[in-house]
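Kindly produce the complete structure, drawing on both the sequences and the hints.
Below, each chain spelled out in residue letters.
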Amino acid sequence: MKSYKGNPVSKGVEIGKVYKYVPYHASVGEELIEEAQVADELQKYGDAKEKALHELNRLKESMGKSDQDKAAILGAHIEILKDPAMDQQIGKFIKKKMYNAKYAIDASYKMFIGMLEKVQDDLIRERIADMKDVRNRTLRCLDGEPEKNLSTLSEPVIVIAKDLLPSDTASLNRKMVLGIITEVGGATSHTAIIARSYEIPAILGVKNAMELFVDGEEVIIDAIAGNVLTQIEEEIRQDYDKKSRIFKEQALDTKKYLHVEPVTKDGERIYVNLNIGSTSEEELEHAVVSDGVGLFRSEFLYMGRDKLPDEEEQYKIYTKVLEAFAGKTVILRTMDIGGDKKLDCMELPVEENPFLGKRALRLSFAYPDIFLTQLKAALRAAVNGDLWIMFPMVESMDDIRRAKQYVEQAKKELSDACVPYGSVKIGIMVEIPSIAVIAEQAAKEVDFASIGTNDLTQYTLAVDRMNPELGDFYQKYHPAVLKLIRNVIEQFNKAGKHVGVCGELGGDELGSVILMGFGLRQLSMGYASVAQIKKIITNITIEDTKGIADNVCAMSTSAEIEAYVTGELKAKGL
Amino acid sequence: MTTKTAKIINKTGLHARPASDFVQAAGKFDAEITIKRVGDDEEANAKSIIFLLSLGLCQDEEVEISADGEDEAEAVDKLIELINSGFGE
Numbered sequence: 009m010k011s012y013k014g015n016p017v018s019k020g021v022e023i024g025k026v027y028k029y030v031p032y033h034a035s036v037g038e039e040l041i042e043e044a045q046v047a048d049e050l051q052k053y054g055d056a057k058e059k060a061l062h063e064l065n066r067l068k069e070s071m072g073k074s075d076q077d078k079a080a081i082l083g084a085h086i087e088i089l090k091d092p093a094m095d096q097q098i099g100k101f102i103k104k105k106m107y108n109a110k111y112a113i114d115a116s117y118k119m120f121i122g123m124l125e126k127v128q129d130d131l132i133r134e135r136i137a138d139m140k141d142v143r144n145r146t147l148r149c150l151d152g153e154p155e156k157n158l159s160t161l162s163e164p165v166i167v168i169a170k171d172l173l174p175s176d177t178a179s180l181n182r183k184m185v186l187g188i189i190t191e192v193g194g195a196t197s198h199t200a201i202i203a204r205s206y207e208i209p210a211i212l213g214v215k216n217a218m219e220l221f222v223d224g225e226e227v228i229i230d231a232i233a234g235n236v237l238t239q240i241e242e243e244i245r246q247d248y249d250k251k252s253r254i255f256k257e258q259a260l261d262t263k264k265y266l267h268v269e270p271v272t273k274d275g276e277r278i279y280v281n282l283n284i285g286s287t288s289e290e291e292l293e294h295a296v297v298s299d300g301v302g303l304f305r306s307e308f309l310y311m312g313r314d315k316l317p318d319e320e321e322q323y324k325i326y327t328k329v330l331e332a333f334a335g336k337t338v339i340l341r342t343m344d345i346g347g348d349k350k351l352d353c354m355e356l357p358v359e360e361n362p363f364l365g366k367r368a369l370r371l372s373f374a375y376p377d378i379f380l381t382q383l384k385a386a387l388r389a390a391v392n393g394d395l396w397i398m399f400p401m402v403e404s405m406d407d408i409r410r411a412k413q414y415v416e417q418a419k420k421e422l423s424d425a426c427v428p429y430g431s432v433k434i435g436i437m438v439e440i441p442s443i444a445v446i447a448e449q450a451a452k453e454v455d456f457a458s459i460g461t462n463d464l465t466q467y468t469l470a471v472d473r474m475n476p477e478l479g480d481f482y483q484k485y486h487p488a489v490l491k492l493i494r495n496v497i498e499q500f501n502k503a504g505k506h507v508g509v510c511g512e513l514g515g516d517e518l519g520s521v522i523l524m525g526f527g528l529r530q531l532s533m534g535y536a537s538v539a540q541i542k543k544i545i546t547n548i549t550i551e552d553t554k555g556i557a558d559n560v561c562a563m564s565t566s567a568e569i570e571a572y573v574t575g576e577l578k579a580k581g582l
Numbered sequence: 158m159t160t161k162t163a164k165i166i167n168k169t170g171l172h173a174r175p176a177s178d179f180v181q182a183a184g185k186f187d188a189e190i191t192i193k194r195v196g197d198d199e200e201a202n203a204k205s206i207i208f209l210l211s212l213g214l215c216q217d218e219e220v221e222i223s224a225d226g227e228d229e230a231e232a233v234d235k236l237i238e239l240i241n242s243g244f245g246e
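Chains as they are written, first to last, in this note's numbering: chain A, 9 to 582; chain B, 158 to 246.
Calculated from the structure, these hints are not laboratory results.
Treat the numbers as computed from the prediction; the structure is a model and nothing was measured.
Note that the Cβ used here is the ideal one computed from N, Cα and C, for glycine as well.
Simulated restraints on C-beta separations:
#1 A:Q449 x B:D217: 51 to 57 Å
#2 B:I237 x A:K105: 35 to 41 Å
#3 B:E246 x A:A44: 48 to 54 Å
#4 A:D247 x B:E246: 51 to 57 Å
#5 A:L266 x B:E246: 32 to 38 Å
#6 A:A79 x B:D198: 34 to 40 Å
Just a few of them, taken from the derived set where beta-carbon distance is under 8 Å, the chain B residues facing chain A:
#7 H172
#8 S177
#9 V180
#10 N202
#11 K204
#12 S205
#13 I206
#14 I207
#15 F208
#16 L210
#17 S211
#18 G213
So this is what it looks like as structure tokens:
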């Protein structure tokens with residue numbers, strides 16, 4: 009047996025065959041042809057289109073009754089492929105502009121995508137993603153490459169990839185993917201978040217994974233310990249079969265807690281909120297198990313598009329979320345762009361140190377028009393529910409005061425235009441250590457704070473959380489970070505202001521206990537953690553958590569704290 | 158050339174499934190068919206889903222459908238009827 013280490017980001021144990029995923033990448037250049045080649049290139053396009061159509065028809069037929077949604081999407085793809093206007097345009101590019109088939113296909117799709125991007129509508133935006141898919145399929149057929157993706161797997165496999173893109177995980181067939189192993193990515197990466205929400209065991213940051221494993225070989229993914237095992241002996245196999253079964257039984261038991269009211273054994277109501285990053289039906293349906301949205305990431309509005317979202321579009325989206333979470337609080341975080349999040353619709357400066365650079369609130373200050381548009385949309389939407397506005401990357405009191413001035417300006421602009429708006433609470437995300445240290449002063453200036461533990465940890469420890477080489481240095485229970493967090497919670501509680509945690513620690517089993525012990529009553533997390541955290545809340549007393557938190561404060565290392573709290577929970581049968 | 162107008166009554170407008178239904182219906186005719194918003198210059202090939210979507214036609218908007226070809230009258234009538242039916246929504 010051989011064993012390889014990685015970072016377990018979504019728990020579970022599975023045994024299965026390796027499927028190495030290398031997505032098709034179309035390389036298209038501006039290639040021109042001679043008059044004599046026109047017929048050939050038209051033929052090439054025609055053949056590629058035929059082949060793509062054949063693939064789509066076959067896929068659509070293979071969809072069962074339970075996959076009606078996917079079948080409908082494939083139907084839309086067929087429609088795009090067959091679109092006579094697209095056909096004409098590609099033909100025109102080949103015949104009149106002397107583009108080769110590949111370039112003509114690419115240019116036509118780009119042109120039509122540009123046309124649709126001007127339309128302000130969610131449904132149409134989905135169609136743009138469909139068009140990009142059809143473009144890729146056609147180009148791949150032209151290249152004669154076979155189809156490789158995660159939606160059309162025919163048997164259950166453990167997927168191994170260098171990295172997975174949002175488009176890969178979005179289309180992934182949950183029934184056929186037993187586990188995910190990638191070379192890059194940390195606990196807070198997109199792949200990790202998706203894996204947790206799909207309940208697929210995942211280990212990220214496995215070095216050279218693409219070279220270490222062979223297609224079709226059997227491996228064990230132990231995403232509890234963080235090991236990938238190969239060349240498995242029979243004894244070990246049986247052992248892991250049992251582990252896998254036990255894990256699934258426990259997961260099933262935990263699920264029962266999803267809908268319970270989160271009240272501790274000694275009667276303290278804890279508020280369990282959700283972190284959301286889109287307005288997909290799936291995310292909004294989760295409203296029923298939560299007390300509200302603790303973190304609404306507004307970045308998705310700006311990403312993957314050529315034009316900035318206008319006020320009306322944002323107003324509609326914020327209203328949609330408020331309506332889905334009717335009667336509950338929704339905390340909207342203003343755009344947190346920069347750092348690892350890049351935009352197509354805006355040229356951002358290339359920086360030496362993007363995470364310490366012009367990101368989030370700093371970027372909003374640099375582009376007041378974009379900031380004001382977002383604030384006005386939020387203020388208008390606040391008429392339809394309980395909306396709170398939160399600023400990311402606040403470092404000083406000056407930041408807070410300046411941001412509040414923009415809110416006042418947005419209100420004034422709306423008043424002047426006689427546009428109605430609602431009342432909002434104003435708060436900050438605590439993720440820079442400096443503001444955590446002066447929480448006492450900050451609490452006087454704002455209505456609430458939410459602690460972003462991922463960035464707070466990264467900035468306190470000076471550890472890049474995306475760098476897989478530094479996994480061991482990113483200590484999530486580092487005493488210094490816990491000390492900062494405790495200070496923020498205590499100062500805000502003392503001032504009678506709301507305080508919550510929306511980072512990974514809020515949805516972490518051990519973290520949630522420590523946080524409650526510190527006096528926190530508002531936890532915000534991904535949907536995948538809700539059942540587990542509610543299970544802990546309903547099986548513990550505040551007194552217990554206080555005792556645990558006090559002991560934790562006397563400890564000096566992350567490992568010590570982790571071992572101690574794990575032991576305490578185990579003793580309570582959790 | 159035959160031209161007629163109708164008002165979109167279904168909730169989602171000419172998006173999603175109604176748009177597909179419309180394009181499919183238009184594709185059955187030989188005539189060249191265009192659709193546009195009443196009072197607007199921008200017109201779209203009614204057989205093209207992409208062009209149709211690019212118009213972003215919503216509920217309560219008035220549209221004008223024109224067809225040119227042998228089966229033009231039948232095409233326009235059929236498509237107007239489809240819009241008036243509300244696409245079963």
